[in-house]
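Here the protein sequences line up with chains A and B, keeping their order.
Mapping to the working numbering: the first sequence position 110 is 546, numbers consecutive.
Mapping to the working numbering: the second sequence position 45 is 35, numbers consecutive.
Just so you know, the hints here were simulated from the structure itself, not pulled from any lab data.
Where hints are given, some of them may not hold.
Using 30 Å as the maximum straight-line C-alpha spacing, the simulated DSSO-like pairs for lysine-lysine come out as follows [claimed, not checked]:
| id | chain 1 | residue 1 | chain 2 | residue 2 |
| --- | --- | --- | --- | --- |
| 1 | B | LYS92 | B | LYS60 |
| 2 | B | LYS60 | A | LYS516 |
| 3 | B | LYS46 | B | LYS92 |
| 4 | A | LYS515 | B | LYS60 |
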Amino acid sequence: SQTIHQWPATLVQPVGSPLSLECTVEGTSNPNLYWYRQAAGRGLQLLFYSVGIGQISSEVPQNLSASRPQDRQFILSSKKLLLSDSGFYLCAWSAVGTGGFYEQYFGPGTRLTVT
Amino acid sequence: SQQGEEDPQALSIQEGENATMNCSYKTSINNLQWYRQNSGRGLVHLILIRSNEREKHSGRLRVTLDTSKKSSSLLITASRAADTASYFCATGPTISNFGNEKLTFGTGTRLTIIP
């Protein structure tokens, strides 16, 4: 069965510090990978998605970047955090399902607080 | 901008009652999905309905889709305290080019089941 891991679970970082969040998927090959951010009590904002190694699509211009160094590894980074980067970050994966539809499977999330 | 907008934003009902949540969207879709999120956790996929389907059932869940009105509803019958969570709709686009792996999530309905 497939499993998705995210770490760390919680992170408190000062403004201006760097960020690295990691997501890995087990039990599947060539998944689509996604990074979302969720503000408190709000919906999900798609930040980046990737359909293969080195293929990253950015959805929102911002202070963050993403990389996919291996097939099942997705990393979210920032060189200098802003207060507005605080939020709940979710990684997800999908594969082509029956009929060509993409159901997504989410990791447990990382709660980031920038102080 | 948000593709899906859930209504109501929050709903409180007594255990055993039925809960109905609605989702409206703006552009053409090829499928609509519903997800559940427990507080502080990742999202869990509940059900997918294709654009050529009008109704779908899964256990105590019933989803309807009206593409002419660009709306969907999620009905949870005989609610339980464990159903307390946020529920999100997500739409998949009709485009067949690169990018149809994306989902656009709504803002969610916060459901509270009172024991």
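Problem - Straight-line alpha-carbon gap B:LYS92 to B:LYS60, limit 30 Å - result: holds, 18 Å
Handout entry: Hinted pair B:LYS46 and B:LYS92, Cα distance within 30 Å
Key = holds, 22 Å
Practice task
Take the C-alpha atoms of B:LYS60 and A:LYS516, compute the straight-line distance between them, and say whether it is at most 30 Å.
Solution key: violated, 41 Å
Exercise for the section: Quickly compare the C-alpha distance for A:LYS515 and B:LYS60 to 30 Å and report which way the hint goes. Expected result: With Cα atoms ~41 Å apart, A:LYS515 and B:LYS60 exceed 30 Å; violated.
Hints 2, 4 from the list above are not met by this structure, while the remaining hints are.
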